[in-house]
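Protein chains: 2
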Amino acid sequence: MRAEIVAVGTELLLGQIANTNARWMSEHLAAIGVDVVHHQVVGDNVERIVTALDLAASRADVVLVTGGLGPTGDDLTRDAIAIAMKAPMVRHPELEQMLRDKFAGFSTSGSMPAANLRQADVPEGARYLMPERGTAPWLVAMLGGATLYAMAGVPGEMREMMRRVVLPELAARTGGQAIRSQVLRIAGMGESAVAEVLEDLFASSSNPTVAYLASMGEVKVRLTAKAASASGAEELLAPLAAEVRTRLGDVVFTDRDESLEEVVLRLLGERGVRLSCAESLTGGGVGARLTGVPGASAWFAGSAVAYTAEAKRDVLGIGQDVLDGPGVVSEPCALAMAEGARRLYGTEVGLALTGAAGPEPHQGAAPGTVVVAVAADDVRHAQTFVSRGDRERVRRWAEQAGLDLVRRYLEGLPLPPSSA
Amino acid sequence: MRAEIVAVGTELLLGQIANTNARWMSEHLAAIGVDVVHHQVVGDNVERIVTALDLAASRADVVLVTGGLGPTGDDLTRDAIAIAMKAPMVRHPELEQMLRDKFAGFSTSGSMPAANLRQADVPEGARYLMPERGTAPWLVAMLGGATLYAMAGVPGEMREMMRRVVLPELAARTGGQAIRSQVLRIAGMGESAVAEVLEDLFASSSNPTVAYLASMGEVKVRLTAKAASASGAEELLAPLAAEVRTRLGDVVFTDRDESLEEVVLRLLGERGVRLSCAESLTGGGVGARLTGVPGASAWFAGSAVAYTAEAKRDVLGIGQDVLDGPGVVSEPCALAMAEGARRLYGTEVGLALTGAAGPEPHQGAAPGTVVVAVAADDVRHAQTFVSRGDRERVRRWAEQAGLDLVRRYLEGLPLPPSSA
Numbered sequence: 003m004r005a006e007i008v009a010v011g012t013e014l015l016l017g018q019i020a021n022t023n024a025r026w027m028s029e030h031l032a033a034i035g036v037d038v039v040h041h042q043v044v045g046d047n048v049e050r051i052v053t054a055l056d057l058a059a060s061r062a063d064v065v066l067v068t069g070g071l072g073p074t075g076d077d078l079t080r081d082a083i084a085i086a087m088k089a090p091m092v093r094h095p096e097l098e099q100m101l102r103d104k105f106a107g108f109s110t111s112g113s114m115p116a117a118n119l120r121q122a123d124v125p126e127g128a129r130y131l132m133p134e135r136g137t138a139p140w141l142v143a144m145l146g147g148a149t150l151y152a153m154a155g156v157p158g159e160m161r162e163m164m165r166r167v168v169l170p171e172l173a174a175r176t177g178g179q180a181i182r183s184q185v186l187r188i189a190g191m192g193e194s195a196v197a198e199v200l201e202d203l204f205a206s207s208s209n210p211t212v213a214y215l216a217s218m219g220e221v222k223v224r225l226t227a228k229a230a231s232a233s234g235a236e237e238l239l240a241p242l243a244a245e246v247r248t249r250l251g252d253v254v255f256t257d258r259d260e261s262l263e264e265v266v267l268r269l270l271g272e273r274g275v276r277l278s279c280a281e282s283l284t285g286g287g288v289g290a291r292l293t294g295v296p297g298a299s300a301w302f303a304g305s306a307v308a309y310t311a312e313a314k315r316d317v318l319g320i321g322q323d324v325l326d327g328p329g330v331v332s333e334p335c336a337l338a339m340a341e342g343a344r345r346l347y348g349t350e351v352g353l354a355l356t357g358a359a360g361p362e363p364h365q366g367a368a369p370g371t372v373v374v375a376v377a378a379d380d381v382r383h384a385q386t387f388v389s390r391g392d393r394e395r396v397r398r399w400a401e402q403a404g405l406d407l408v409r410r411y412l413e414g415l416p417l418p419p420s421s422a
Numbered sequence: 003m004r005a006e007i008v009a010v011g012t013e014l015l016l017g018q019i020a021n022t023n024a025r026w027m028s029e030h031l032a033a034i035g036v037d038v039v040h041h042q043v044v045g046d047n048v049e050r051i052v053t054a055l056d057l058a059a060s061r062a063d064v065v066l067v068t069g070g071l072g073p074t075g076d077d078l079t080r081d082a083i084a085i086a087m088k089a090p091m092v093r094h095p096e097l098e099q100m101l102r103d104k105f106a107g108f109s110t111s112g113s114m115p116a117a118n119l120r121q122a123d124v125p126e127g128a129r130y131l132m133p134e135r136g137t138a139p140w141l142v143a144m145l146g147g148a149t150l151y152a153m154a155g156v157p158g159e160m161r162e163m164m165r166r167v168v169l170p171e172l173a174a175r176t177g178g179q180a181i182r183s184q185v186l187r188i189a190g191m192g193e194s195a196v197a198e199v200l201e202d203l204f205a206s207s208s209n210p211t212v213a214y215l216a217s218m219g220e221v222k223v224r225l226t227a228k229a230a231s232a233s234g235a236e237e238l239l240a241p242l243a244a245e246v247r248t249r250l251g252d253v254v255f256t257d258r259d260e261s262l263e264e265v266v267l268r269l270l271g272e273r274g275v276r277l278s279c280a281e282s283l284t285g286g287g288v289g290a291r292l293t294g295v296p297g298a299s300a301w302f303a304g305s306a307v308a309y310t311a312e313a314k315r316d317v318l319g320i321g322q323d324v325l326d327g328p329g330v331v332s333e334p335c336a337l338a339m340a341e342g343a344r345r346l347y348g349t350e351v352g353l354a355l356t357g358a359a360g361p362e363p364h365q366g367a368a369p370g371t372v373v374v375a376v377a378a379d380d381v382r383h384a385q386t387f388v389s390r391g392d393r394e395r396v397r398r399w400a401e402q403a404g405l406d407l408v409r410r411y412l413e414g415l416p417l418p419p420s421s422a
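Note that the protein sequences, when read in sequence, are chains A and B. Heads up, the first sequence is in the numbering used here, so the first residue is 3 and it goes up one at a time. Heads up, the second sequence is in the numbering used here, so the first residue is 3 and it goes up one at a time.
Honestly, I wouldn't trust all of these hints.
Claimed, not checked - Restricting the straight-line Cα-Cα distance to at most 16 Å, the calculated cross-link-like pairs of lysine to aspartate or glutamate (EDC-like) are: (1) B:K88 to B:D46; (2) A:K222 to A:E193; (3) B:K222 to A:E13; (4) A:K104 to A:E159; (5) B:K88 to B:E126; (6) A:K222 to B:E13.
Simulated from the structure, these hints should not be mistaken for lab results. Given the structure is predicted, the values throughout are model-derived calculations rather than measurements.
Extracted from the complex, chain A is given alone in its bound form:
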């Protein structure tokens, strides 16, 4: 089954927002075995929307339209669908009533603007569905031989329709074919090195397939298998995933698609030890990531963000000799910061991150220099490296390296040496 996504909205063409809806939809369609073959984006122009819908219906089995279902004069998707279907528009009294009820629930003052009633219009022959969120009724129609689903562009409403209606209906239609994916996530090894290690495994394999996705400080390897049944797909996947894991070794931090911070919190729980941080370079980024995981407070006590030399001295107790000698971007300072965090928060494990984010050098350290350190009763280890890229990238690499250092310590793995 082939699908095409048509996003409607001038804000996309003006670059005010990225088409993240298409990404989310594509990912979830791929997971149930639907091939997404094209994306289109058109502005709030009824003729262009009609042309886009006709083109999509001519080459896809399913057309998914987002945006342009709201109440304003710019919302033209309903009209375009009616024109493409060559169907008259019919106003539905029960939809009018639902819109009035929803509006009364939202608003504390006044009555619904008359324009909102446009949302009660449905092209003849189409069916509609009412979302729990928002006020824009969803439309389902046949256009040529294709099934067309139209939904609001608001991400939460789009996801609601996808989950409640589109994905179940399409999964039922693709019935008989199951797709299963497994994602292995890797820290401390670059994308090209990962691909080289795995190259021959996938040179001749079209099922399962492999895809690499590199983001800052991390590589994801996604294996995808198709089979007549879910268990068949899983049987294709399992031996390959095991082989990938064997070849890559301990740089794989999870094969369950957990984030690195989730893995660290899970390992802390398994070991029954608590973590605190001392952050200079990353400014609180590691704390923010760890506390983004529900329940983090059981194993993460906090982070002392000490951005200045004075704060490192006064808050973390770094000696003036360290600040004046090796300086704030040094392994002695990082180790003292990790110990300072342990002491301040009373935790078993301390992680410290310092460095020079750039664009300027910091206390003699080149921009991009990162020092991370882990301290506990049985470890005192620091690692220095130089990251390329801008400030944001350097900070993100530092977060990954710091969390991965804790992960390796907790798993009893060899700790990485300095490379700068």
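Place chain B on chain A using the hints.
Coordinates of chain B only, in the frame set by chain A:
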């Protein structure tokens, strides 16, 4: 001038990445007065790429293609351009040499794979340019009546070609028409309330136009004017921007497109006072945002992330009576945390953030409850509210509210009351 963006890459159709290139390109094209009328995304399939290029060239003056210029067998954009141009492919010895030189610079081992030489192929009649980053030569060709620019999909390489070649060439061609935009950024007021206040101003205005963009805890109002000259566009813009600012009042935190953290750091510098934070709910997010700004250390000392009650007591000195009485999600606790941060870091101003991010209630506080507080010699003010949405959203709203509380204090504005 009409432009169309064609992104090539199966990874986009699988939902592995969002088409953020199209967003960036669209934004920068709009700024020089180029109308982007369509986006297309196609996979790594030569026939479909040819069809997409033909369609784009039939309806646009400029076609911008991203992706598919790399060295692997999946990189088919070069071939598709040659087919669409009906031109033979010519291998350029000087490109071969450049590729070999670049490869030698990247690699410490071995010689360049023969497949990489595909990147030295250029359709006859097209011109090529060599990027500073990466190895994929850019292509510029005529296709029908349209000018086609093809560039790598790697964001950094795309931006390099856009800045060095595409935007200057197109700006020269649009000569005579200038577009200027101004963005006002707003905290503490919702999108629909902002739109209501400004409604009549824009009801009949097509130049300048207005666009609203709401993200978590913030609304952007973008005014865009077109005129024969830059100064003409600015003259159209200025009175309207002033009127918008007058109507909205002190919820506008900047009219220079600075982030809220940049505004706070600027105001701290203007007042000559330093800030520290105590973060529970946000876990370091405020510190990470402030330290994301180069030079932050002059006015931001650090943040004590105290995620547990014990850390609040031991690190920030919160009294056991506060922890046992009003509890960690309370205005007395937030005020004590702000004072604790001031004391710990020795700063003039302290900001505290606590609350219940969800999904579970926290110490009796409903999920979404946020308490922020600011303390200095001349202020002790706390604000409580309830944010809707998931954990990430609640945390982001808390960051905005906390930073905006400091902003309002530093500007001498009335501080918002509690609303929960």
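Hint-by-hint comparison with the structure:
With a C-alpha separation of about 20 Å, the suggested pairing of K88 (chain B) with D46 (chain B) is violated against the 16 Å cut-off. Between the alpha carbons of K222 (chain A) and E193 (chain A) the distance comes to roughly 9 Å, so the proposed pair stays at or under 16 Å and holds. Taken as a hint, the K222 (chain B) and E13 (chain A) pair is honoured in the structure, with Cα atoms around 13 Å apart against an allowance of 16 Å. The suggested pairing of K104 (chain A) with E159 (chain A) holds, with an alpha-carbon distance near 15 Å, which does not exceed 16 Å.
Of the pairs offered as hints, the one joining K88 (chain B) and E126 (chain B) holds, with about 9 Å between alpha carbons and a cut-off of 16 Å not exceeded. Taking the CA atoms of K222 (chain A) and E13 (chain B), the gap is about 13 Å. The hint holds against a cut of 16 Å.
Hint compliance for this structure: hint 1 is the single one not met.
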